[in-house]
Structures are given as structure tokens and as C-alpha cells.
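Undergrad: One-letter residues, chain by chain:
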Amino acid sequence: MRWLALLISGPMLWAFLFSLIYALHGWACAGGSGPEGLDGGARMLLIGVWVLGLIAFIPLLRLAPSGQERHQRLPRMAVWIGLAATIVTLFPVTVITSC
Amino acid sequence: MTDIPTPAAASARADSVHVAPAPAQRALALHRDLTRVWRNDRGLWGQITAVNHTTLGLRFMGTALVFFAIGGILSMLIRAQLATHQGAFLDTALYNQIFTMHGSIMMFLFAIPMLEGLGIWLLPKLLGTRDMAFPRLTALGYWCYLFGGLIMLTALLFGVAPHDGWFMYTPLSDATHSPGINADVWLLGVTFVEISAVAAAVEITVTILRQRAPGMKLTEMPLFAWYMLGTSAMMLVGFPPLIAGSVLLELERAFGWPFFDPTRGGDPLLWQHLFWLFGHPEVYIIFLPAAGVMSMIIPVMCRTTILGYGAIVAAILALVFLSFGLWVHHMFTVGIPHMALAFFSAASVLVAVPTAVQVFAWIGTMWKGHPQLHLPMYHICGFFLTFVMGGLTGVMLAIVPFNWQAHDTAFVTAHLHYVLIGGFVFPMMAAATYWLPLITGKARIRGVGEAAFWVILLGFHGTFFIMHLTGLMGMPRRIDVYPDNPEWVWLNLTSSIFSFVLTIGFAMFVLDLILQATLGQRTRRDPWDAPTLDWAMPVPSPSYNFASLPISRHLGQSARDAVLSLARGEGALAGAARGRRELLVTSVGVARPHHVAILPGNTALPLYLSASIGVFVLMMLAGQYRLAALALVPVGALIWVWARGMAPAGDLRAVEVAPNLNLPVHHCAQHSLARTGLAAVLVADGTLFVSLLFGVAFLSVVTPATPPPAAGADTVTSLVGLGVIGIALVLAALVGRLNTRSAAALGLGANLLALAALLWLAFSQMDDPTAHARDALRAAVAGYVGLHMLVAAAMAAFVLDQFRRGEITPQTQGALGAWQMWQHFTTAVALLAALVLIAQVGVS
Ligand code: HEM
Numbered sequence: 001m002r003w004l005a006l007l008i009s010g011p012m013l014w015a016f017l018f019s020l021i022y023a024l025h026g027w028a029c030a031g032g033s034g035p036e037g038l039d040g041g042a043r044m045l046l047i048g049v050w051v052l053g054l055i056a057f058i059p060l061l062r063l064a065p066s067g068q069e070r071h072q073r074l075p076r077m078a079v080w081i082g083l084a085a086t087i088v089t090l091f092p093v094t095v096i097t098s099c
Numbered sequence: 001m002t003d004i005p006t007p008a009a010a011s012a013r014a015d016s017v018h019v020a021p022a023p024a025q026r027a028l029a030l031h032r033d034l035t036r037v038w039r040n041d042r043g044l045w046g047q048i049t050a051v052n053h054t055t056l057g058l059r060f061m062g063t064a065l066v067f068f069a070i071g072g073i074l075s076m077l078i079r080a081q082l083a084t085h086q087g088a089f090l091d092t093a094l095y096n097q098i099f100t101m102h103g104s105i106m107m108f109l110f111a112i113p114m115l116e117g118l119g120i121w122l123l124p125k126l127l128g129t130r131d132m133a134f135p136r137l138t139a140l141g142y143w144c145y146l147f148g149g150l151i152m153l154t155a156l157l158f159g160v161a162p163h164d165g166w167f168m169y170t171p172l173s174d175a176t177h178s179p180g181i182n183a184d185v186w187l188l189g190v191t192f193v194e195i196s197a198v199a200a201a202v203e204i205t206v207t208i209l210r211q212r213a214p215g216m217k218l219t220e221m222p223l224f225a226w227y228m229l230g231t232s233a234m235m236l237v238g239f240p241p242l243i244a245g246s247v248l249l250e251l252e253r254a255f256g257w258p259f260f261d262p263t264r265g266g267d268p269l270l271w272q273h274l275f276w277l278f279g280h281p282e283v284y285i286i287f288l289p290a291a292g293v294m295s296m297i298i299p300v301m302c303r304t305t306i307l308g309y310g311a312i313v314a315a316i317l318a319l320v321f322l323s324f325g326l327w328v329h330h331m332f333t334v335g336i337p338h339m340a341l342a343f344f345s346a347a348s349v350l351v352a353v354p355t356a357v358q359v360f361a362w363i364g365t366m367w368k369g370h371p372q373l374h375l376p377m378y379h380i381c382g383f384f385l386t387f388v389m390g391g392l393t394g395v396m397l398a399i400v401p402f403n404w405q406a407h408d409t410a411f412v413t414a415h416l417h418y419v420l421i422g423g424f425v426f427p428m429m430a431a432a433t434y435w436l437p438l439i440t441g442k443a444r445i446r447g448v449g450e451a452a453f454w455v456i457l458l459g460f461h462g463t464f465f466i467m468h469l470t471g472l473m474g475m476p477r478r479i480d481v482y483p484d485n486p487e488w489v490w491l492n493l494t495s496s497i498f499s500f501v502l503t504i505g506f507a508m509f510v511l512d513l514i515l516q517a518t519l520g521q522r523t524r525r526d527p528w529d530a531p532t533l534d535w536a537m538p539v540p541s542p543s544y545n546f547a548s549l550p551i552s553r554h555l556g557q558s559a560r561d562a563v564l565s566l567a568r569g570e571g572a573l574a575g576a577a578r579g580r581r582e583l584l585v586t587s588v589g590v591a592r593p594h595h596v597a598i599l600p601g602n603t604a605l606p607l608y609l610s611a612s613i614g615v616f617v618l619m620m621l622a623g624q625y626r627l628a629a630l631a632l633v634p635v636g637a638l639i640w641v642w643a644r645g646m647a648p649a650g651d652l653r654a655v656e657v658a659p660n661l662n663l664p665v666h667h668c669a670q671h672s673l674a675r676t677g678l679a680a681v682l683v684a685d686g687t688l689f690v691s692l693l694f695g696v697a698f699l700s701v702v703t704p705a706t707p708p709p710a711a712g713a714d715t716v717t718s719l720v721g722l723g724v725i726g727i728a729l730v731l732a733a734l735v736g737r738l739n740t741r742s743a744a745a746l747g748l749g750a751n752l753l754a755l756a757a758l759l760w761l762a763f764s765q766m767d768d769p770t771a772h773a774r775d776a777l778r779a780a781v782a783g784y785v786g787l788h789m790l791v792a793a794a795m796a797a798f799v800l801d802q803f804r805r806g807e808i809t810p811q812t813q814g815a816l817g818a819w820q821m822w823q824h825f826t827t828a829v830a831l832l833a834a835l836v837l838i839a840q841v842g843v844s
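Note that the protein sequences, when read in sequence, are chains A and B.
So the first sequence is numbered by the UniProt record's numbering: it starts at 1 and just counts up by one.
So the second sequence is numbered by the UniProt record's numbering: it starts at 1 and just counts up by one.
By construction, these hints were calculated from the structure, which means they are not laboratory data.
As the structure is a prediction and not an experimental result, all values here were calculated from the model.
All C-beta atoms in this analysis are idealised placements derived from N, C-alpha and C, irrespective of residue type, glycine included.
Each hint should be verified, as a subset may be incorrect.
To be verified - Coverage of chain A stretches by chain B, computed from C-beta distances (three or more under 8 Å per stretch; other residues unrestricted):
id	segment
1	8 to 20
2	37 to 43
3	54 to 64
4	87 to 94
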């Protein structure tokens with residue numbers, strides 16, 4: 001069970017960050033920020049959460065077992081999958097300013 | 001044929017789980033014993049009471065095939081109508097019903113049940129066990145599927161079928177715009193069918209995690225099992241949003257609770273979110289099992305092992321998660337904030353990567369092996385050609401500006417059929433031709449199958465490739481006539497002609513199956529020289545699968561070598577000496593033998609239970625809501641009888657599983673299958689709750705404000721009520737641990753007190769749920785929590801009854817563990833709901 005938990009921890013963290021940032025952006029776009037753009041504070045909040053999320057992958061990477069056996073490699077690959085997904089799907093917080 | 005190295009060879013050196021082989025016995029005697037215990041009863045009654053996975057898996061697949069044929073006939077009607085620009089074959093109203101029913105049948109009554117059936121039929125064989133974890137649940141799922149499907153078909157025959165498209169968008173499907181029962185048929189029928197999907201997901205999860213042959217580590221199990229594990233996890237999380245959406249929409253239609261009505265604080269987009277939160281993962285739910293089939297068949301057809309096992313497992317994991325981050329790409333045109341468009345567009349492009357990893361792994365496997373062009377391989381090639389094209393148009397549609405152009409045109413129809421027929425129907429045809437010898441015990445007759453393949457391939461691409469062009473020329477989907485666009489006629493006519501070619505191809509395919517089953521010659525065991533356990537049994541497969549269960553040493557052999565040893569009883573748990581259905585339960589990670597589960601025998605209870613749920617659904621459809629509530633009484637009573645069937649009874653002594661290995665039976669074991677099953681149910685249930693909370697958050701934050709009427713609740717009184725509920729539930733959760741009769745009585749009382757307090761709050765403090773979506777959602781959340789309290793009270797009462805009967809002892813736990821788990825869950829969701837409610841009041 002612990003192994004399975006480790007296996008899904010990276011993608012779970014992505015899912016959590018994706019939901020959180022999606023929710024925060026919805027909230028920011030609905031209140032205050034007009035259709036022309038997010039206000040500065042909201043943008044900083046989104047970027048901050050994203051960066052913190054990326055940092056949160058570091059302990060997971062450390063926790064993942066080293067070694068080349070399949071049961072060691074898989075949890076490691078899974079954390080990288082979560083990290084890559086977090087970078088690719090959420091990087092728009094850094095470049096898009098409009099709602 | 002060259003020999004294939006066994007993929008599980010490594011597990012022969014499994015460090016941990018060595019089970020000693022048993023001495024050989026007479027194979028025929030074992031066979032007779034086991035058949036007596038595991039076979040279905042005779043005649044029609046035997047079919048009704050069957051709970052065996054082989055029977056039910058085949059029945060699921062057979063029924064799905066019938067629905068495929070019906071869906072296919074409907075598609076022919078669509079194509080006949082579209083062949084000319086002013087087709088007078090169907091009128092608009094009927095056309096709407098027909099395309100809606102075509103889509104709904106193909107998705108809910110063909111694809112999903114087909115993959116469930118395949119999983120149910122194949123997994124126990126592949127994992128080295130005798131049945132699924134909960135055979136009565138398998139049967140219940142089947143009957144719910146059948147009855148739900150029949151309700152939808154009957155509606156079609158009477159001209160009252162759903163007509164709002166397979167995704168039932170509001171406001172089109174609300175009571176004002178869809179006044180008859182058409183939309184209710186969809187909402188209730190599909191939800192009824194989904195009981196079977198959730199049941200199958202629970203079973204599949206538990207079977208894969210807990211019933212693998214001793215020594216078959218998670219990291220070495222056949223890839224199909226990984227794919228099905230991913231699929232079932234997705235079903236557990238993917239279906240609840242749709243169930244939540246359907247229940248909310250039905251509440252709106254039946255009682256006027258305005259979740260989706262913008263004039264009363266609702267939002268039609270909430271439906272779209274809930275639908276696509278299910279709808280997009282659904283595509284992968286359909287694709288993953290098909291990909292699992294590919295990963296099983298390709299290595300065998302190429303006389304090699306799969307390339308990149310680890311990479312494929314990682315790709316499955318990525319798909320399982322990423323597919324939940326794509327749903328908004330179905331809503332790119334509804335006015336979503338730009339930033340969200342970017343998130344979902346990026347995720348949609350990213351998801352192509354794990355898909356590509358698998359495609360490359362399959363191509364690499366073919367490259368390193370020696371491909372042999374048997375019939376399954378034809379369909380695999382059909383898959384490659386078709387699915388890759390569907391994937392490419394998918395990436396095109398993931399790009400927002402292109403999507404804005406092509407949205408809701410025939411281009412999308414073409415894309416979705418390339419993905420669904422390429423990614424599901426071709427692999428299923430490969431599966432049918434590959435595993436049919438195990439089902440029928442017959443070899444195929446050459447010629448018809450190959451011809452069928454070519455006709456299907458030609459018919460498919462002829463029909464659908466052209467629809468890309470029609471779409472790019474601007475033809476919208478879901479239109480029945482196009483009088484002002486004669487330039488689309490020749491393309492449509494060509495599509496229609498080829499669609500008939502396609503139908504002829506499918507008919508030839510079925511003919512091939514029938515010919516094999518009836519006229520084929522007897523085949524030898526393991527005709528493909530496959531290495532996996534599904535072939536390490538006689539053909540056709542017996543009701544009990546294995547005379548003795550495979551142990552580490554069999555996993556290291558080829559199927560052909562293992563088959564005789566298993567038939568002679570040299571594995572674990574040989575024969576049926578105690579005259580009951582037994583199988584071995586193992587640990588999650590390395591499959592260490594843990595205990596012996598005793599399964600229920602043949603019974604008609606699943607039929608009765610699903611029929612009584614069916615009565616409830618019909619009463620709802622008829623608008624008889626009081627009678628519908630009454631119909632829930634037999635449902636509850638039958639569930640009680642069902643649970644009584646799980647009570648400890650008979651010989652509870654430890655069982656000799658293998659020489660020097662005695663294991664307890666499940667009544668006396670700590671982590672039973674039921675416990676794992678309940679955990680899976682709670683995952684689905686928790687997702688349902690989160691979907692409701694999503695609704696609360698969405699309507700509170702995103703929806704343009706239609707101010708709610710002033711709240712009539714008194715803050716102090718409400719807080720006191722919530723406090724009583726909280727204290728009672730926390731108490732119930734705490735006393736559950738005490739394992740005593742009086743604790744169970746206290747638990748029952750506490751749940752009833754909480755329920756009474758909730759009812760009092762609902763009637764004295766909550767505002768009219770028809771006035772505003774905010775109040776409707778509060779009532780829905782309260783209903784959800786109340787239902788859980790009611791179930792918790794019933795479980796506490798059940799445990800109390802078990803104490804009275806002396807079924808709970810220091811050795812046997814009865815339903816105590818299940819009640820505790822449920823109670824904790826109920827307490828947690830109630831507290832969370834209260835917090836959200838208070839926060840919502842604070843925000844507003
Ligand atoms: C047997 C060959 C098939 C043919 C000739 C066919 C044809 C069609 C056509 C022409 C439409 C468009 C109707 C319209 O927009 O007016 C359609 C819609 C659809 N088809 Fe098929 N189809 C076939 C098989 C399948 C299969 C196997 C699936 C799924 C597994 C499927 C799922 C759908 C769905 C979901 C829709 C959308 C329905 C809607 O718009 O509500 N089809 N089909």
C-alpha cells in the first residue's frame with residue numbers, strides 16, 4: 001500500500017495544484033479583476049502558489065527510492081510525471097494576464 | 001512458432017512468497033468436485049441465479065454486442081437521412097431522438113459494459129484466481145445494466161426517447177425546454193446503468209489488488225491488469241460527477257430546485273462542468289482497456305515480450321491523472337477565462353505524450369519480435385492506422401483557435417469516431433478473435449474474418465474520413481437537413497454509402513464468430529502459445545478456472561507447461577474438498593498469501609435487488625414521487641438480506657492452502673476483500689461529495705450574482721442544531737471502536753439523534769430550495785449527509801443484531817469494521833459540509 005501511495009503521490013500533487021490554481025483563478029477572475037486582466041495581487045498569488053507547488057516536489061523526489069529495479073524506478077518516474085505536468089499545464093500563470 | 005519468454009519469469013525468483021507445491025492428485029476427480037461446487041444451476045433458473053464471472057462476463061459482452069447492433073442500426077438511419085440535403089426519411093424531432101440514442105447507447109450501453117464484461121471475464125483468469133471478489137455484485141451490475149438499457153430502448157419504441165444530445169446540455173434538457181419524460185429517461189436510465197459501472201469498478205479494483213496469484217507482484221502482473229486498475233480507478237472518480245449532475249438535474253426537473261436556472265441563481269455551465277468532468281475521462285476509460293488488450297496481444301503475435309513495461313505503466317498513470325485535467329476543452333467556446341483556456345489547452349496537448357509512449361512501445365515490440373499476421377493482428381493494424389489519425393485530429397482540436405472554428409461541426413464527429421472506433425472497436429475485435437478459442441474451445445474458420453476486416457476498414461475510412469472535410473466546409477453536427485448547402489451533398493452521400501459498407505463488414509465479423517462457435521474444430525489448449533495464465537487452463541475455460549491456484553513456480557513457466565500441473569492440483573487450494581467456493585486472498589504489493597475468502601453460491605438476490613431499484617426508477621419516471629420513496633423500502637430490506645448472507649456461518653476453521661500453509665477464512669481475517677471494497681466505494685462516494693461541493697463553490701463564486709432572497713434562518717438556532725449533529729456523529733465515530741454491544745446501541749442512538757436534528761434543521765431553518773440555487777444546493781448537501789446518517793444508523797443496527805446473534809466474537813468481526821469505516825466517513829463529510837455551509841454564509 002505504501003508503494004502505491006508513493007506511486008500516486010506526484011500526480012496527486014499535480015491534481016491538487018491544478019484544482020487549487022484553477023479555483024483561485026476562477027475566484028480572482030470573478031471578483032475584482034475585470035475581463036481585461038487579473039490585478040497584480042491576484043497574479044502574484046497564482047504565481048506564488050505555482051512556485052510553492054513546484055518546490056513541494058523536492059521532498060517527493062527525495063522520498064522516491066533510488067535504484068534501477070522496476071519497483072524503484074516507477075515511483076521516481078511518477079514524481080517526474082507530476083512535476084512535468086505541473087510545469088506544462090500551469091505555466092500559463094506566468095504569461096497570461098487576461099481573464 | 002518460436003517460444004515467448006514469460007513476462008512473469010522474474011517472479012519465479014520472488015523473494016518473499018514461496019508457496020510449496022502440493023502433491024499431484026487425479027485431475028478428473030478434482031475437476032468433478034470443482035464443477036459441482038462452481039457451476040451454474042441448470043436451465044433458465046440457472047441463468048438467473050448465476051454469479052460466476054465467466055458466465056456474467058460473457059453475458060455483459062453479449063448484451064453489449066446487441067446494444068452495439070441497435071446503436072449501429074440507429075446510425076444507419078442517421079446516415080440515410082443525411083445522404084441528401086432534404087432527406088424526408090426522419091423528421092427533426094425523431095432525428096434528435098435517434099442521434100441522442102445512438103450516442104448514448106454506444107457510450108453507456110455498448111462501450112462501458114463491453115469493457116466491464118471483458119475485465120470481469122478475463123481478469124480472474126489472468127491473475128490466477130477463480131472469480132471476482134464480489135460475485136453477487138457482478139450479477140447485480142449486470143441486471144442494473146440490462147434493466148436500465150431496456151428502459152431506454154422501450155422509451156425509443158414509444159417515441160419518448162431522450163432528444164437533447166448525448167451530453168444533455170441544460171437549459172435544453174430542463175423542464176421548460178424538454179417538458180416530456182424524454183430527458184428523465186436519460187437521467188434515470190443512465191444513472192441506473194451506472195450502478196453497474198461503479199459496481200464493476202469496485203470489484204475490478206479489489207480483484208486486482210487482492211486476488212493475484214501468490215508471488216505475482218504488482219510490478220510484474222500482466223499489463224492488462226495495470227490498464228484495468230487505471231480504468232477502474234478512473235471509473236471510481238469519473239462517474240460520481242455525472243451521477244451528481246444527473247441527480248441535480250432530475251431534482252430540478254422533478255421538484256423545481258434551480259441548480260442550472262440562471263434566473264434563480266443557477267448556471268447551465270455547472271451541468272457542463274459536471275458532465276465533462278466525467279465525459280472526458282470517459283474517453284480514456286474506454287481507451288485504456290483497449291490499450292490493455294493491445295499490450296497483451298501484440299507481444300504474443302510478435303513472439304516476444306512487451307517493450308518498455310515500466311514506461312507503459314508510467315504512461316497509464318499519467319493518462320489516469322491527466323485525463324481529469326482536460327474536461328474544459330469540451331467547453332472552449334462557452335466563454336471561459338483565457339487563463340483557464342491555456343491550462344486546459346496545455347494539458348490537452350500534454351496528454352498526447354503518454355499516449356505516444358504506448359504507441360511507440362507497441363511499435364518497438366513489433367520491431368524487436370517476429371510479427372505473424374494472424375487475424376487479431378489485422379485488427380491491431382486497423383487500430384494503429386485509425387487511432388493515430390484520431391489522435392492527430394485530437395491535438396488539432398486541443399488548439400483553441402482551431403477549436404473555435406471546428407467546434408460542433410462534422411469534423412468533431414469524425415474525430416470522435418476515429419478515436420472511439422479506432423481506439424476501442426478495433427482492439428475489441430482483436431480481443432474477440434484472440435480469446436474466442438478460450439470461450440468456445442473451437443478454432444476459427446479461415447477467410448471470413450479477414451474479409452470482414454478489410455470491409456470494415458474500407459467502410460470506416462470511407463464514412464468518416466470524408467466527414468472531416470464536410471466539417472471543415474462548415475457542416476454542423478446534429479442537423480437533419482441542409483437545404484441551403486447543396487455543396488455538402490456529394491460528401492454526405494459518399495459517407496452514407498460507405499457507412500453501409502461498414503455495416504456489412506460488422507455483420508461479416510459477427511458471422512465469423514458464429515461460424516467459429518458452431519462449425520469450428522476443437523482447438524488445442526493455448527493455441528497461440530501465449531505465456532499468460534489465462535491460457536493455463538482447459539479450453540473452453542471451466543467455471544472454476546483453475547483446479548489449483550497458480551503459485552510462484554507456475555508464474556515462471558509458460559502457460560502450456562503450467563496447465564497440467566495446475567490441473568493435477570499441484571498449486572494452492574486444490575479442489576473443493578469443503579464443498580464451498582474458495583479462493584486465495586493475497587497482499588497488495590508482493591501478493592503474499594493472506595487468507596481464504598469463501599464466496600457466495602448461486603442466488604437470485606441480485607435480480608430481486610435490481611428489479612426493486614428498477615421499480616423505484618419507473619416510479620420516478622412516472623412522476624409518482626411518494627410511491628418512489630415507498631419503493632425504497634424493499635430496496636433497503638433486500639440490502640439487509642444481502643448483508644445477512646455475509647455473516648459468519650459454517651466451518652470457520654483455518655484452511656490448508658498448501659503443504660505447511662494454513663490460513664484463516666475471511667470471517668476471521670483482519671483485512672478482508674469487503675474492507676478493500678468498502679474503501680473503494682468510499683473513494684467514489686467521496687468524489688460524489690466533492691462534486692456537490694464543487695457545485696456550491698462554482699455557484700457561490702463564478703456565477704453572475706442573482707441575489708438570493710434574504711435568508712430566513714436564525715443563526716443561533718442553526719448553530720445549535722449543527723452542534724448537536726456534530727457531537728452526535730463524533731460520538732458515534734468514537735464508540736464504534738469499542739467493539740461492544742452497548743457501543744453499537746449508543747452508535748445507533750447517536751446517528752438517529754443526528755438525523756432527527758438534521759430533519760428539524762431542514763424543516764425549521766432552511767429556506768425554500770425552489771427559490772434559489774444556493775438554497776437548493778444546501779438542501780442537496782443536507783440530503784446527502786442525511787442519507788449517510790441513515791445508512792450509518794442501519795449499519796449500527798445490523799451490528800447490534802449481530803451481537804445479539806453471537807456472530808461477533810473475539811475471532812470474528814462481522815460487520816463491525818464496515819460500520820466503523822462508514823461512520824468515520826459520515827462524520828467527516830458532515831463536519832466538512834457544516835464548515836462549507838458556514839463559510840458560504842460568511843462569504844455571502
Ligand atoms: C457503427 C458505425 C457508426 C456510424 C456509421 C456512426 C455514425 C454517426 C453519425 C453520422 C453521427 C452524427 C450524428 C449527428 O451529428 O447528426 C454520430 C454521432 C455519435 N456517435 Fe456514432 N457512428 C458509429 C459508431 C459509433 C460508436 C462505436 C460510438 C462509440 C463507441 C459512437 C459514438 C457516437 C457519439 C457519442 C455521437 C454523438 C451523438 C450526439 O451528438 O449526441 N458511434 N455517429
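Undergrad: State for each hint whether it applies.
TA: Outcome of the hint check:
no. : hint     : in the structure
1   : 8 to 20  : holds (count 6)
2   : 37 to 43 : violated (count 1)
3   : 54 to 64 : violated (count 0)
4   : 87 to 94 : holds (count 6)
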